[in-house]
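Protein chains: 2
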Amino acid sequence: MDNRPIGIFDSGIGGLTVFKEVLIELPNESIIYLGDTARVPYGTRSKDIIKKFALELVEFLIKKNVKCLVASCNTISSTCLEAIQKHSNIPILGVVDPAVKEAIRTSKNKRIGVIGTNATIESKIYEKKIKKIDPKSQVFTGSGSLFVPLIEEGLSNHSSTKKIAEDYLSRFDKTEIDTLILACTHFPLMTEIIQEIMGKKVKLVDSAKPTARQLKEILKAKKMVRGESKKPEYEIFVTDAPDRVYKVAQRFFGNKLPVKPKKVTF
Amino acid sequence: MDNRPIGIFDSGIGGLTVFKEVLIELPNESIIYLGDTARVPYGTRSKDIIKKFALELVEFLIKKNVKCLVASCNTISSTCLEAIQKHSNIPILGVVDPAVKEAIRTSKNKRIGVIGTNATIESKIYEKKIKKIDPKSQVFTGSGSLFVPLIEEGLSNHSSTKKIAEDYLSRFDKTEIDTLILACTHFPLMTEIIQEIMGKKVKLVDSAKPTARQLKEILKAKKMVRGESKKPEYEIFVTDAPDRVYKVAQRFFGNKLPVKPKKVTF
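Just so you know, the protein sequences line up as chains A and B, in that order. Going by the numbering used here, the letters in the first sequence line up with residues 480 to 745, in that order. Going by the numbering used here, the letters in the second sequence line up with residues 480 to 745, in that order.
Read the hints as simulated data drawn from the structure, not as lab findings. Treat the hints loosely; a few may be bogus.
Identical chains blur together in the list; that is why a pair holds if it fits in one copy or across any two.
[What the hints assert, rightly or not] Subject to a maximum C-alpha distance of 27 Å in a straight line, what follows is the list of computed DSS-like cross-link-like pairs (lysine-lysine):
no. : residue 1 : residue 2
1   : 726       : 603
2   : 530       : 641
3   : 653       : 726
4   : 710       : 546
5   : 542       : 531
6   : 742       : 531
7   : 530       : 742
8   : 642       : 610
9   : 680       : 702
10  : 742       : 589
11  : 587       : 526
12  : 531       : 741
13  : 695       : 653
14  : 526       : 735
15  : 642       : 695
16  : 530       : 682
Everything numeric in this text was worked out from a predicted model, so none of it was measured.
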């Protein structure tokens, strides 16, 4: 048993989609969420700078005495998870492995599409991980970086967003994929548009639920679940604009946040 | 006479539009450009964090022994120029004053529109400055934050961009403005689309040329022009992805950069 909190860190507030699923899957766990809203987005930056920023986030949460870490950001999980894992000796889970497993479980024809930020797609991590588990599978990838600011500006249902999505998704035409991984925590907010463009035969897989489930398995296997019966505690930290985060978080969290975000400076 | 370089700093590479005009206006001056590509964009962040980041950029350039500073970013110029000016005793020029003067010179009916990032528009600095010079003028403002990532993704001529621009610019319908300030160094890259939507009767004003001209006047008035006859020197620093900056800079600079950008870490 381990009563310390779980740490979830993200380039911004997209990871609140993961936070929400962890709350559902592990309702007795205390959680500290940290979003780097002062430097979001990460997905268009270089690997070096993403690693530098991510290690600063990890450092902060380790000082808060978390028992494990979830990199809820696909960009971080794709580009520097190993470096982060080397940096500390608590379990660290990214969102790529859970999404990969879910996609392989979901796909029947083993033709899988992946849409993510530039950094995630350039890392080629999804191809590598999928092919490692199933070498016969075929993986088709495409960048959808612009979805992030479109969603953050509240334009996910704008007619222009649909046009841009059609362009981005057209690279999957003729690939006959039956499964599409939404490899960015923002993209589930565009599920409706993406599903409409891809058609009903293509199943969409996002990492939030599979990550929460895998985290639960890890905590059980390592006997690290929280044993206390008193209510779990939540803390949310952001590096900029806590009030605005509180206002707009509902879109990602699906509900009012359990606590008001606090500002932290590095 | 002062042979030290001019320092130009920006949230990213949009300020290269200003760098270019300074090169044309002051061809004998050495220049150091610094773009914070690791933390761009600034326009959606809070005033506090913009000020913190901007002061770090200023600190770096002051250590490089520049004789004056140009904040080529509208967001910085709008939100924290005074704080920066207090921080040092060399002349510091923003892009707002030059654009305001140019707009007042250009407008006949004194109905002026301003389109910029969220932070620039929320600062209300354009209204204040225009009305201070001409209290009878009327100022209409609107945010166009999404133009920045659209331009950075190379989608400035995409049909969706036009649709989004139509939405953003529709707030100027019925205002009868005859002049529109492009209050973000990225926006000149969308001049064509914006001009098409606004119609030929509306004059577009951007800050690059007026800022370069005002800088020239300041250096002359303060007897700070460079007196050396040997070739001026240029340095470009960015906080992330110098190679990518070198590749994409042409869109902003209109030409190949005079030197390769170097990476700097804070």
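Hints and how they fare:
1. Proximity of residue 726 and residue 603 under a CA criterion of 27 Å is satisfied inter-copy only: 22 Å between copies versus 35 Å inside one chain copy.
2. For the homomeric pair residue 530 and residue 641, neither the shortest alpha-carbon distance inside one copy (32 Å) nor that between copies (36 Å) is at most 27 Å.
3. In this homomeric assembly, residue 653 and residue 726 never come within 27 Å of each other (Cα to Cα): the closest approach is 41 Å inside a single copy and 32 Å across copies.
4. For a Cα distance limit of 27 Å, the shortest separation of residue 710 from residue 546 inside one copy, 17 Å, qualifies, whereas the shortest one across copies, 59 Å, does not.
5. In the homo-oligomer, the alpha carbons of residue 542 and residue 531 lie at most 27 Å apart both inside one protomer (17 Å) and across protomers (24 Å), since each shortest distance falls under that limit.
6. Taking the shortest alpha-carbon separations for residue 742 and residue 531, both the intra-copy value of 20 Å and the inter-copy value of 14 Å come in at or below 27 Å.
7. For a Cα distance limit of 27 Å, the shortest separation of residue 530 from residue 742 qualifies both inside one copy, at 22 Å, and across copies, at 16 Å.
8. Proximity of residue 642 to residue 610 under the C-alpha cut-off of 27 Å is found in neither arrangement, the shortest distances being 32 Å within a copy and 40 Å between copies.
9. Taking the closest pair of Cα atoms, residue 680 and residue 702 never come within 27 Å of each other, the shortest separation being 40 Å inside a single copy and 72 Å across copies.
10. Taking CA atoms no more than 27 Å apart as the test, residue 742 paired with residue 589 passes in neither setting, with 44 Å inside one copy and 42 Å between copies.
11. Taking the closest pair of Cα atoms, residue 587 and residue 526 never come within 27 Å of each other, the shortest separation being 33 Å inside a single copy and 50 Å across copies.
12. Taking the shortest alpha-carbon separations for residue 531 and residue 741, both the intra-copy value of 22 Å and the inter-copy value of 18 Å come in at or below 27 Å.
13. In this assembly of identical chains, the alpha carbons of residue 695 and residue 653 never lie at most 27 Å apart, being 38 Å within a copy and 57 Å across copies at closest.
14. Taking identical chains as interchangeable, the C-alpha atoms of residue 526 and residue 735 lie at most 27 Å apart only when they sit on different chains, with a minimum of 25 Å there against 33 Å within one chain.
15. Taking CA atoms no more than 27 Å apart as the test, residue 642 paired with residue 695 passes in neither setting, with 39 Å inside one copy and 45 Å between copies.
16. In this homomeric assembly, residue 530 and residue 682 never come within 27 Å of each other (Cα to Cα): the closest approach is 32 Å inside a single copy and 45 Å across copies.
Hint violations for this structure: numbers 2, 3, 8, 9, 10, 11, 13, 15, 16, all remaining hints satisfied.
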